[in-house]
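Peer 1: These two chains come separately, so use the hints to put the complex back together.
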Amino acid sequence: MDIGYYPGCSLTGTAKEYDQSIRRVFSELGINLVELDDWSCCGATSAHATNHLLSVALPARNLSLAKKQGLKEIFIPCAACYNRFVVAKYEMEKNPGLKKRVEEMIEEKADTDIGIVNMVEMFQRIDKELILAKRQKELKGFKVAAYYGCLLVRPNSITQFDDAEMPTSMEEIIKLTGAEPVDWNFKVECCGASHSITNMNVVLTLSKRIIDDAAENGAEAIIVACPMCHSNLDMRQRNISKQDSQHKNMPILYLSELIGLSLGLDKESLGLGLHFTDTEPVLSRFSTAIVAKE
Amino acid sequence: MSSHSNAKHKERMTLADEIEELTGINPLKCYQCGKCSAGCPVRIFMKVSPNKVVRLVQLGLDDEALKSETIWMCAGCLTCSTRCPQNFDLAKFMDALKEIAIKKGVITRKDILKFHKAFLKQIEANGKAFEFGLIRDYKLATFNLFQDMDIAPEMFFKGKIKLFPHKIKNRDAIKKIFDKANKE
Numbered sequence: 001m002d003i004g005y006y007p008g009c010s011l012t013g014t015a016k017e018y019d020q021s022i023r024r025v026f027s028e029l030g031i032n033l034v035e036l037d038d039w040s041c042c043g044a045t046s047a048h049a050t051n052h053l054l055s056v057a058l059p060a061r062n063l064s065l066a067k068k069q070g071l072k073e074i075f076i077p078c079a080a081c082y083n084r085f086v087v088a089k090y091e092m093e094k095n096p097g098l099k100k101r102v103e104e105m106i107e108e109k110a111d112t113d114i115g116i117v118n119m120v121e122m123f124q125r126i127d128k129e130l131i132l133a134k135r136q137k138e139l140k141g142f143k144v145a146a147y148y149g150c151l152l153v154r155p156n157s158i159t160q161f162d163d164a165e166m167p168t169s170m171e172e173i174i175k176l177t178g179a180e181p182v183d184w185n186f187k188v189e190c191c192g193a194s195h196s197i198t199n200m201n202v203v204l205t206l207s208k209r210i211i212d213d214a215a216e217n218g219a220e221a222i223i224v225a226c227p228m229c230h231s232n233l234d235m236r237q238r239n240i241s242k243q244d245s246q247h248k249n250m251p252i253l254y255l256s257e258l259i260g261l262s263l264g265l266d267k268e269s270l271g272l273g274l275h276f277t278d279t280e281p282v283l284s285r286f287s288t289a290i291v292a293k294e
Numbered sequence: 001m002s003s004h005s006n007a008k009h010k011e012r013m014t015l016a017d018e019i020e021e022l023t024g025i026n027p028l029k030c031y032q033c034g035k036c037s038a039g040c041p042v043r044i045f046m047k048v049s050p051n052k053v054v055r056l057v058q059l060g061l062d063d064e065a066l067k068s069e070t071i072w073m074c075a076g077c078l079t080c081s082t083r084c085p086q087n088f089d090l091a092k093f094m095d096a097l098k099e100i101a102i103k104k105g106v107i108t109r110k111d112i113l114k115f116h117k118a119f120l121k122q123i124e125a126n127g128k129a130f131e132f133g134l135i136r137d138y139k140l141a142t143f144n145l146f147q148d149m150d151i152a153p154e155m156f157f158k159g160k161i162k163l164f165p166h167k168i169k170n171r172d173a174i175k176k177i178f179d180k181a182n183k184e
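Note that the protein sequences, when read in sequence, are chains A and B.
Going by the numbering used here, the first sequence opens with residue 1, and the numbers climb by one from there.
Going by the numbering used here, the second sequence opens with residue 1, and the numbers climb by one from there.
Okay, chain B solo, but in the shape it has when bound (with noise of 0.2 Å):
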C-alpha cells in the first residue's frame, strides 16, 4: 500500500491493476463464460454486458470500460458474484470501476452520481439519510422536478418524510470519517 500515494507510480498502472489494488480482484481470473450476464436482471437495459465490460479492462480498453454506462446501471443485485465459478466478484468490480471513474472526472450517467452525492451529503450533514433534503438536492440537481410529485404529499401525510432530519449526537465522528475517505 505504500505505493498508493505514489502519483507517477499510479500514472503507469493499467485500470487493471488499478482495480486489483483497490479490490484484490485480478480482472484476468474471469474467462468469460458469460454466466453473470445470464442472470443479470439488468442486463436488458444495458448496451454492453456485463462481461463484456469485463473483457474491455483484460484487453486495456479502459476509457471504453470506465465510459460504458454498464458500471451505473449495475443494481448490486449480486446475482453474479453468487454464480461466478470463478468467485469473480463483478458487482464489487463494478463498484471499483465507478469509483475510478468518479477520481477521473469520467461520468457517463452524471444523473446517477447526483443521487448518489445527494443521499451521501445528507448523511454527512446528519449522520442519517433524510429524503426530503435528499430528493429536494437531487431535483434541483438534475432538473427532473416533476417525478413523483403524486407520491409526496401521501408520504408525508403518513409521516413517511419529515421536513427536518433527525441528526444524531456525534456528528463530528462522522464528519472525520467523510473527510478522510475523501482524501484517499
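For reference, chain A alone in the conformation it holds in the complex (with noise of 0.2 Å):
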C-alpha cells in the first residue's frame, strides 16, 4: 500500500527518531511511505498565534503539493502538524472567501479533497492479524500510559477522531504488542507545548503532573504520537528532576518505537539512544522476551 508522507520538521531534526521508526516500523509493514516532494513547514504555533491568513496557506501550499503528485492521503505524524493540517482545510471549506484569498496567497488552486491520516489512525488501517504475525516479542506485563495531548483529538468537531475527553483508540493499538494499558487520568490534558521556551515554568508543571498521574497509576513508560508532547516529557524531564530530587525517571515512548520493539526491531533502528531520558529500563526487560511461536 502507498500512502503520502508528510515528516514535518520536528521529524528532520529533534524528533528524529520518531522519522526512524516510523519508516522502519511501516516498511516491515508493508507500507511504502512516498515523501511528499519539496513538502514546507506548516506555520505551527508561530503562525496561527500571529498571522490567520498564514496559518491557512502553508498546510494549503502542501495541499496543492500533495494533489499535483498525485496523492490521495497524507499521512501526518505529528501531531500539531496534523491539526494545523486539518483545521486549514475545514476552514477553507467552510468559507470560500478564504479559500480564494489562500489561492491567491500559493497561486494555486488550494485542494481539500486530500485526506489527513494520524499515527494512531495508520496503526487502526493495518491489519491486526499482520501486526500480531509479524511480532516476535511479546511486551507482556510492560504497564504503559497511552497519551493523546491535545491535538490529535481537539477540537473534535474538526479532527473527528476518536473521543475529546475520553480517547480509547491508541490503548487498542497498544493492546496489540502484549504491553498494558493503565487507566489514568491525564491522557488528553497539554504539556505546555510551545510554551516549552518561552515559559518554561509552565511546561515544567504541566508535564510533571502528567508523568506522576502516569506513575500514580502503574505505568512504566508513557506512549506519545506528538513530537512536541515528546520533547516537553522527555528532554524537560531533566530539568523537572532538577527542582525535584523525589522524581522517578518515566521512558517517553513513541507509538512507532513500541510497535518496534514488539516487532524485534532493534535499538539503533528505533533510535531509542536518541532520548533525554534513558529508555534502558523498557529495553533491557524485553532484551530476552521472545514470543513463543506456535
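Take the hints with a grain of salt, since some may be wrong.
[Claimed, not checked] Covered by chain B, according to a simulated footprint, are these stretches of chain A (three or more residues, beta-carbon under 8 Å):
#1 44-50
#2 53-65
#3 94-108
#4 172-181
#5 197-206
[To be verified] No more than 30 Å apart at the CA atoms, straight line, and that leaves these computed lysine-lysine pairs for DSSO-like:
#6 Lys208(A) <-> Lys158(B)
#7 Lys167(B) <-> Lys109(A)
#8 Lys104(B) <-> Lys139(B)
#9 Lys176(B) <-> Lys109(A)
#10 Lys128(B) <-> Lys267(A)
#11 Lys104(B) <-> Lys52(B)
#12 Lys16(A) <-> Lys52(B)
#13 Lys94(A) <-> Lys139(B)
#14 Lys158(B) <-> Lys180(B)
#15 Lys72(A) <-> Lys140(A)
#16 Lys183(B) <-> Lys109(A)
[Unchecked claim] Some but not every residue of chain B turned toward chain A, in silico, with C-beta under 8 Å:
#17 Ile112
#18 Phe119
#19 Asn170
None of these hints come from the bench; they were simulated from the model.
Idealized CB from N, CA, C, for every residue including glycine.
Peer 2: Now the structure itself:
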C-alpha cells in the first residue's frame, strides 16, 4: 500500500527518532511511505498565533503539492502538523472567501479533498493479524500510559477522531504488542506545548503532573504520538528532576517505537538511544522476551 | 470583505467587530459560564481568566483586553474550544486578539512575540523550521543567553540540531505567501 508522507520539521531534527522508527516499522508492515516532494513547514503555533491567513496558506501549499503529485492521502505523524492541516482544510471548506484569498497567496488551486491521516489512524488501518503475525516479542506485563495530548483529538468537531475527553484508540493499538495500557487521568491534558522556551515553568508544571499521574497509576512508560509532547515530557524531564530530587525517571516512547520493539527491531534502528530520559529500563526488560511461536 | 481595506471604516470598528471580521466569532455569543477557565491548564499562570478576557471585549474595554497577558499565555490546547456549550472557539478568539494586538503594537509579552518572529523568519527564509537559527535569534533578541546551555551540546551530538538549515527548492513560493500575508 502506498500513502503520502509529510514528516514535518520536528521529525527532521529534534524528533528524528520518530521519523526513523516510523520508516522502519511501516516498511516492516509493507506500507510504502511516499514523501511529499519539496514539502514546507505548516507554520505551527507561531503562524496561527500571529497571522491567521499565513496559518491556512502554509498547509494549503502542501495540500496542493500533494494533489499535483497524485497523492490522495497524506500521513502526518506530528500531531501539531496534523492539527494545522485538518483545521486549514476545514476553514477553507467552510469559508469560500478565505479559500480564494489563500489561492491568491499560493498561486495554485487550493485542494481540500486530500485525506489527512494521523499516527493512530495509520496503525488502525493495518490488519491486526498482520501485526500479531509479525510480532517477535510479547511485551507482557509492561504497563504503559497512552498519552494523546491536545492536538490529535481536539477540536473533535474538526479532527473527527476518537473522543475528545476519553479517547481509547491508542490503547487498542498498544494491546497488540502485549503491553497493558493503564487507566489514568491525564491522557488529554496539555503538556504546555510551545511554551517550552518562552515559559518553561508552565511546561515543567504541566508535564510533571502528567508524568506523576501516569506513575501513580502504575505506568512504567508513557506512549506518545506527538514530537512536541515528547520533547516536553522527555527532554524537559531533565529540568523536572533537577527541581525535584524525588522524581523517578519515566521513559517516554513514541507509539511507533513501541510497535517496533514488539516487531523485534533493535534499539539503533528505532532511535531509542536518542532520548534524553533513559529508555534502558524498558529495553533491558524486553531484550530476551521472545514470543513463543506456535 | 470589501470594507477590509477601508481605513475609516476600521477606525470606527470596536474590537468585538474586528474579531468578528477576522474570525467569524461574535464575542456576544459567550454567556460567561466560565467552563473554559475551569478547564484551562494555564489558568493558574494567568492574572485574568480567559472568560474575563471575553467579558472585557463584550464591555468594550478594548485596551484592557489587548493588553492582558492572558492572550499570550494561552497554549492553544483547545480544551476551552472543545468544551464550550456555545461552540465559542475561544482559542481562535485568543489568536485573533494577538493578531490585532500585534497590528496595533500593543505587545504585553514581547519575548513570546520575538520567539514567534524568530521561528517564522526561518520558515520564510528556508521553507522549514531551523532550530539552531531560531534559538540563536531568540536568545539574541531577548538576551536570555544561558537557558538550555546544558541541553544544547547533547542535542547537537545526537544530531537533533544542525548547524545549517535544510532549504526547500521552491523558496520563492514561500516568500510570496509571507509577503502577501504580511500585506493584509
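Peer 1: None of the hints should be skipped; say for each whether it holds.
Peer 2: Hints, verified against the model:
no., hint, result
1, 44-50, "holds (count 7)"
2, 53-65, "holds (count 5)"
3, 94-108, "holds (count 6)"
4, 172-181, "violated (count 0)"
5, 197-206, "holds (count 8)"
6, Lys208(A) <-> Lys158(B), "holds, 24 Å"
7, Lys167(B) <-> Lys109(A), "holds, 24 Å"
8, Lys104(B) <-> Lys139(B), "holds, 25 Å"
9, Lys176(B) <-> Lys109(A), "holds, 15 Å"
10, Lys128(B) <-> Lys267(A), "holds, 28 Å"
11, Lys104(B) <-> Lys52(B), "holds, 21 Å"
12, Lys16(A) <-> Lys52(B), "violated, 41 Å"
13, Lys94(A) <-> Lys139(B), "violated, 40 Å"
14, Lys158(B) <-> Lys180(B), "violated, 38 Å"
15, Lys72(A) <-> Lys140(A), "violated, 38 Å"
16, Lys183(B) <-> Lys109(A), "holds, 21 Å"
17, Ile112, "holds, 5 Å"
18, Phe119, "holds, 4 Å"
19, Asn170, "holds, 6 Å"
Comparing the model with each earlier hint shows violations of hints 4, 12, 13, 14 and 15; every other hint is respected.
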